[in-house]
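Number of protein chains: 2
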Amino acid sequence: MTNLSQTVLDVLHDHRDSIDRLDAILIYTLGERFRHTQAIGKLKAGNNLPPSDPDREAYQISRLENLADEAGLDPKFAKNLLNFIIQEVIQHHKKQQL
Amino acid sequence: MTNLSQTVLDVLHDHRDSIDRLDAILIYTLGERFRHTQAIGKLKAGNNLPPSDPDREAYQISRLENLADEAGLDPKFAKNLLNFIIQEVIQHHKKQQL
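Listed in order, the protein sequences are those of chains R and G. Under the numbering used here, read the first sequence as residues 809 to 906, first letter to last. Under the numbering used here, read the second sequence as residues 809 to 906, first letter to last.
Derived from the structure by calculation, the hints contain no laboratory data. Be a bit skeptical, because a hint or two may be false.
Put simply, identical chains are the same to the list, so a pair is met inside one copy or across any two.
For lysine-lysine, the following DSSO-like pairs were computed, each having C-alpha atoms within a straight-line distance of at most 30 Å [unchecked claim]:
#1 K887 <-> K850
#2 K850 <-> K903
#3 K884 <-> K902
#4 K902 <-> K852
Predicted model only: the values in this text are computed from it and were never measured.
Go ahead and model the full structure; you've got the sequences and the hints to work with.
Structure below.
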């Protein structure tokens, strides 16, 4: 890094500061999202509903692909990310039904 | 679902509406985050910097674990999610350096 100009390092630093702030938004938003999925998990467990709901998941994925397109995000990445989050949620729901 | 009371369905519906709004926040925040990582990718490619930066990644993961803890999110899940996002970013950086 010693041969890089200070300008390059400053620009890199500014981008990283923005990323750190955006990551805080992501984590707190996910915290809020899990509060709702936990409530749904309890509701499902208390009413003998299955942990996963393929119709709802298909709706979410199709909606997120459109949102990703609008937000300039790779729709494939958005789909994979949502699947990653949904799998985590389903694991939590299954634990609640044991 | 026919035997469920309307109240249960209404509560489920309200939680799902909140989740849909939170997912829009997540997608748009990720869109903004990728704008910054793309700029970093160009900066790295133009200055012969390696696509990945293990010190920066270790800092981010440690910071996110603390944030997750504050936000009531499972720190292990936050760590796995950040790794998932970072791997996607590194793939993009590598493509920019070809």
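Comparing the hints with the structure gives:
Taking the shortest alpha-carbon separations for K887 and K850, both the intra-copy value of 26 Å and the inter-copy value of 25 Å come in at or below 30 Å. Proximity of K850 and K903 under a CA criterion of 30 Å is satisfied intra-copy only: 10 Å inside one chain copy versus 44 Å between copies. Both within a single protomer and between protomers do K884 and K902 lie at most 30 Å apart by alpha-carbon distance, with minima of 27 Å and 18 Å respectively. In the homo-oligomer, the alpha carbons of K902 and K852 lie at most 30 Å apart inside one protomer (10 Å), although the nearest pairing across protomers, at 44 Å, exceeds that limit.
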